[in-house]
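Could you build the full structure based on these sequences and the hints that come with them?
4 protein chains.
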Amino acid sequence: MKVIRDPVHGYIELDELALSLIDTPLMQRLRRIKQLGLSSLVYPGANHTRFEHSLGVMHLASMLMNQLNNISIDEKNELRAAALLHDIGHGPYSHVTEGTIKYYTRKKHDDVREVLKRDEIADILHEHNLDPETVAKHIKGETALGQILNSEIDVDRMDYLVRDAHYTGVTFGLVDYERLIHEMEIFGKKLVVRWGGLKAAESLLLSRFLMYPSVYYHHVSRIAETMYIRAIQNLIDREILSPFGLNKLDDISLFEVIRSDDDYAGELGRRIEERKLFKRALRVGFQSLGVDVLKYRDNVERIEIELAEMADIDSKYILIDIPGTPEIEEMKALIRTDSKMQHLDDVSQVVATLEQAHRDNWRMGVYTPKEYRDIVGKVARDFFEVKKPPKQYRLTEY
Amino acid sequence: MKVIRDPVHGYIELDELALSLIDTPLMQRLRRIKQLGLSSLVYPGANHTRFEHSLGVMHLASMLMNQLNNISIDEKNELRAAALLHDIGHGPYSHVTEGTIKYYTRKKHDDVREVLKRDEIADILHEHNLDPETVAKHIKGETALGQILNSEIDVDRMDYLVRDAHYTGVTFGLVDYERLIHEMEIFGKKLVVRWGGLKAAESLLLSRFLMYPSVYYHHVSRIAETMYIRAIQNLIDREILSPFGLNKLDDISLFEVIRSDDDYAGELGRRIEERKLFKRALRVGFQSLGVDVLKYRDNVERIEIELAEMADIDSKYILIDIPGTPEIEEMKALIRTDSKMQHLDDVSQVVATLEQAHRDNWRMGVYTPKEYRDIVGKVARDFFEVKKPPKQYRLTEY
Amino acid sequence: MKVIRDPVHGYIELDELALSLIDTPLMQRLRRIKQLGLSSLVYPGANHTRFEHSLGVMHLASMLMNQLNNISIDEKNELRAAALLHDIGHGPYSHVTEGTIKYYTRKKHDDVREVLKRDEIADILHEHNLDPETVAKHIKGETALGQILNSEIDVDRMDYLVRDAHYTGVTFGLVDYERLIHEMEIFGKKLVVRWGGLKAAESLLLSRFLMYPSVYYHHVSRIAETMYIRAIQNLIDREILSPFGLNKLDDISLFEVIRSDDDYAGELGRRIEERKLFKRALRVGFQSLGVDVLKYRDNVERIEIELAEMADIDSKYILIDIPGTPEIEEMKALIRTDSKMQHLDDVSQVVATLEQAHRDNWRMGVYTPKEYRDIVGKVARDFFEVKKPPKQYRLTEY
Amino acid sequence: MKVIRDPVHGYIELDELALSLIDTPLMQRLRRIKQLGLSSLVYPGANHTRFEHSLGVMHLASMLMNQLNNISIDEKNELRAAALLHDIGHGPYSHVTEGTIKYYTRKKHDDVREVLKRDEIADILHEHNLDPETVAKHIKGETALGQILNSEIDVDRMDYLVRDAHYTGVTFGLVDYERLIHEMEIFGKKLVVRWGGLKAAESLLLSRFLMYPSVYYHHVSRIAETMYIRAIQNLIDREILSPFGLNKLDDISLFEVIRSDDDYAGELGRRIEERKLFKRALRVGFQSLGVDVLKYRDNVERIEIELAEMADIDSKYILIDIPGTPEIEEMKALIRTDSKMQHLDDVSQVVATLEQAHRDNWRMGVYTPKEYRDIVGKVARDFFEVKKPPKQYRLTEY
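These protein sequence lines map, in sequence, to chains E, F, H and Z.
Quick note, this note's numbering runs 217 ahead of the 1-based positions in the first sequence.
Quick note, this note's numbering runs 217 ahead of the 1-based positions in the second sequence.
Quick note, this note's numbering runs 217 ahead of the 1-based positions in the third sequence.
Quick note, this note's numbering runs 217 ahead of the 1-based positions in the fourth sequence.
By construction, these hints were calculated from the structure, which means they are not laboratory data.
Take these hints with a grain of salt, some might be off.
A pair holds if it fits inside one copy or across any two, identical chains being indistinguishable in the list.
Cross-link-like lysine-lysine pairs, in silico, DSS-like; alpha carbons within 30 Å at most [to be verified]:
hint, residue 1, residue 2
1, K407, K219
2, K496, K557
3, K557, K406
4, K493, K465
5, K557, K605
6, K219, K251
7, K354, K293
8, K496, K406
9, K319, K512
10, K354, K496
11, K496, K595
12, K557, K465
13, K325, K604
14, K493, K219
15, K251, K533
16, K533, K324
If you want it as structure tokens, here you go:
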């Protein structure tokens, strides 16, 4: 049994299986994929990777399984393997490339069935008598045990919240995961939290709720990521980058391709490199918008051209960012009271209100170079029928 | 400038004034008054005292004043003195004795005007040209600067939340007070939080909200404290203890008086000493109660006798605990947006819902020795017309 | 399995046996015995108790046993019981009363054979089929497993170093006990550290070495403790306190007896209460002394009288403090390399030098009220033939 | 005044000057240079960068200057600028490329005079009336104030020790820098530590001493770095990489060049990428060596060829790693006692012994692919006349 030092959980134990899996190029690649995409532009400590996160998830999954009854050694191994491998489907910069990859390949980052059947990983799984198919299902959360990794209240979330807190320095993420795990069990095929873990579960949701505006939706990250996504699209359109190979790249190769380009993608890349980012011409929430903005999500480029004409500038200097509707799926985590299961938002007042409160965290943005900020702001406000900020909320800028 | 090592804030600087004040018997007494009363019976690390908390409050008050403009050295000194002295009105075991002291003396723990005018403290204040009257007003929060110590969102709360978290080990209290303080200012005589501190302010409320059931209202603490209060009352009734001298005692002298008593008070004291506490015969929230329980708050002893008769046991073995209506006054903290001030619960959805959610944290209790638990539970449920737990909330036991 | 929250180790698991033991008056008494005696006069956060330390030692002992082979459940239980009970022999204020108790009773704090055979504890041990005799031997470190609790490099030290660091705020104590424990094993009846734990073992020694002058030997603690010891002796001499009942008292009862005395003991007690401590008239290390000071250890009172005559003051205002020769027994911890065992100071250069370096941490002191400081300093320097500070070391004052 | 969140120091304040400097490509490049080179292969959390370290050094330098007297605002600004810029001379992967850069350019990483005179940085310094020449001297430690950044006991070390501890998770680095800084002053043009800071200074040395074998000299890092250095040399020899542009690259561009190479450099690069590293054929300290190994430092490649011939394998599969003599220059830090200054190793026994103890941390290594380990080990042991491990030290493997 080897151990590895993790700044978040202390020593993490690695058995033969874990060591073999870790020593594959597919897992090693995760060392070069930042957990938080481009957030290090805001939080300079946020350079942590999917690799250490994967170790952490395996660690917490083991901790949770150790207190469940009737789990065989093989099942444990299968889930530990799944925990380690759960993020190998991620492309460079994690969520930043997820949309593009999904658009072209129809695959989300947890669709790894095919990857697991390939050469090296498949060999290792077979050697340890583990079924790649089951491991893939675990990762998708399609099995009872798989809920530990992928469900409304899984160890994946627990690890990333405390890990993101450790590296950004933001205290909000400090979830009492030890307590929460201690109060979890499988109850009739479902992963549930016992009543005694209610407050710990609430605290996990509140953590995520607070982390969103401070970290995950921070406007500077959103701007950089929007620029990045556009640069990638540009390289794909110009056939310099294949969208089907994207999920095999790492942060390094992608960054190098972008910044060495001598056209639009390169211009965006070098702006990110030197932190000469676009600025907010507009950044508002639902209630400030006169239009149903979500319907524009699929026509973003057309509107950029429209706005560019109105502003009389090149459309490549206008980037529109319309995130999807914010959801907190943890609200549907199952809480067990005696023999009954209920959803977390049915037993917790605070949680019940988080849905709306979290909607208020949502922001759309229109980004442009500093020099065009005023004019783009003006035409964007017109186009999206932005209302004067209502009495009690002002145009927040986070 | 001397420094003292604080596990929460690192080094705290002490100037001449602070050193003189600390060296008085009144301040030294705070070393022997536990911050969290009897919570160490639940959280064995919770032995921290009002003394270190007072140093911490002074430290945070200085930090906040350092970023305010136009505060004279004298004003700073006056507020620093007030910060150090803000808890000298506390009786032994902090809040545990507060009700009794207030009942007899009509004084809350922040009514320290007279204490400040007495000998040693008064001399020190005069020596440094500080006005005891103003210091007393600061402590009551009746001045603009005094809001730093005593208002909806003051440094007192910030210190105790992080300090209680450090010593109990409960992670919920980890407020980002640095950020919050950095975003505070005096705006037209009012202490306000700028918009940029909104999330930090929300996190402070959420922290308190989560700390309540886990720490402040933990049923074991409530039981021990109820027993303690009754023991004190018994000693007062028997004229062994003077209620007017209570606020001069410390934990040590009070504990010694109680446990060395050879009657009812002593019996309760020794039960606490050996942790043979009363148990919950009933512990329910508002919604489980068929009666308006708050109206009984002033007649608790009469009902105990009534229940005792019904259960046919000595009334001294029934203790009823009806806490006051729970409030989160931080909800009314002022948030500044441009030139306008609004209450926190007007700008924050989550905060707005905390009032009700926090009401759900409230519990009344009926406590009795283990052997009477069943019978007392039965008569109490009848008396208070306890309903069957509603579908979505069960009789929580924290 | 219940859990209890410990600020140092997180959740600590308590099984039936542990819960029964904890619920005895003997263990509950440890809640009222401060781990660091009077150090809270220097470090206001240092109010932690032997109770939580005992939980911590049990936790680390379990952690260590979990990785040893061939230990039966019964053996584990026996050692866990021993871990919980290892400090029940301590008198009030821990080490402060140890010398006095030993002088009269010939018992050190780990001589608990008789206590374990008494009523309640004995009953519980028997109920769980554990042998009090073996538990007592474990506590003394006289068995193979007992070395885990009491040997050159035991979990007792690990817990108190990190715990003292947590509560004083001094960073020196942050030993990597997880690593150290992970590298320990029983090898031929001996508890040894494998080669891979060498650096962690070195760091434990260096920690203790650094904690000594900063915390354990801090001059203010030494002064208060010397005053305390003298107050106790005075009460014993006047037959107010029985030396044979001392180890059944707690901090509270002892403090109350002392400060309510109306003679010399009371005077010292009230000085401690109000922190009007004696001051250093002299505080020097071995190399500044012209006499072999250790030979005076048994005649301290005679010399105090002598000095008092020379200074023409009452001898009760002179307190001489001559600690025993400082030792770091961890130097003899066993390190295993392949099939050979060696002492830590044979394989580690730094450790080898710590003996001398630690001797340099030693200080004797002569303490007196402020007003006599000069005259007492003068006569003490004469009596102990204090040399001018040598070139490279000055009269350090910690 | 803007603030940035640092996981180590909390909020760091950035004024106009700092913001302008940070926004230059030269400073932004430090975001892409890992502080610990390739240590993340051992400690997966160690992805922190020179960028955040530079912010931390500025923060500590400000903290130290705030307690010095008679420093003008301009001097403060000059030193703060120097602190921010002190590492811009570093090449990719920090110390990994330092030797190569120095060999070709004759410049160490703190020789930044010319860089500071270039365009953007020079403009910013001039705008704020700061002299690039003085800033460069500060960085070299050639001025009185510059010692704060670059001397025997500077804030650079303090920051990297605690930062490396935070990200590796190794506890050894937890220096009490607050205390140390609090006890520092300029005394006759020299930066000294007052007597009260002696223990904190000792702890800093002990920290570095413990961090060396655990982190800085960890054999896996050394192997990867030796491979890396050789890959770079190979690219230079083949004129693919210019040694004179090396210090303008970042980790990303260098890594991409190496792994995309289709010859020897690429082979090494891909081995690092997939963590198929060379293994230790030999790794021993001075006392195991029959030859004066340091004299071979300049002929490493010749010996590799010789060993390769003896082992009958290609010389590119043998890498010899002979680090320079280990030094702890902090031993010469100045400690002030009254009006005298002495070196730390003259007043501290432990420190005095660290020189030898630290020499024992030194290891040379011969690395080779797994399959050649035995044969290369054999010929290397012969060549370097490796003795059987002496009685008390075995061939350590860290």
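Hints versus structure:
| no. | hint | verdict |
| --- | --- | --- |
| 1 | K407 <-> K219 | between (33 Å within a copy, 24 Å between copies) |
| 2 | K496 <-> K557 | between (51 Å within a copy, 26 Å between copies) |
| 3 | K557 <-> K406 | within (14 Å within a copy, 53 Å between copies) |
| 4 | K493 <-> K465 | both (28 Å within a copy, 19 Å between copies) |
| 5 | K557 <-> K605 | between (48 Å within a copy, 15 Å between copies) |
| 6 | K219 <-> K251 | both (25 Å within a copy, 26 Å between copies) |
| 7 | K354 <-> K293 | within (14 Å within a copy, 40 Å between copies) |
| 8 | K496 <-> K406 | neither (49 Å within a copy, 35 Å between copies) |
| 9 | K319 <-> K512 | within (19 Å within a copy, 58 Å between copies) |
| 10 | K354 <-> K496 | neither (42 Å within a copy, 37 Å between copies) |
| 11 | K496 <-> K595 | within (14 Å within a copy, 63 Å between copies) |
| 12 | K557 <-> K465 | neither (45 Å within a copy, 50 Å between copies) |
| 13 | K325 <-> K604 | neither (36 Å within a copy, 49 Å between copies) |
| 14 | K493 <-> K219 | between (44 Å within a copy, 17 Å between copies) |
| 15 | K251 <-> K533 | within (27 Å within a copy, 33 Å between copies) |
| 16 | K533 <-> K324 | within (28 Å within a copy, 43 Å between copies) |
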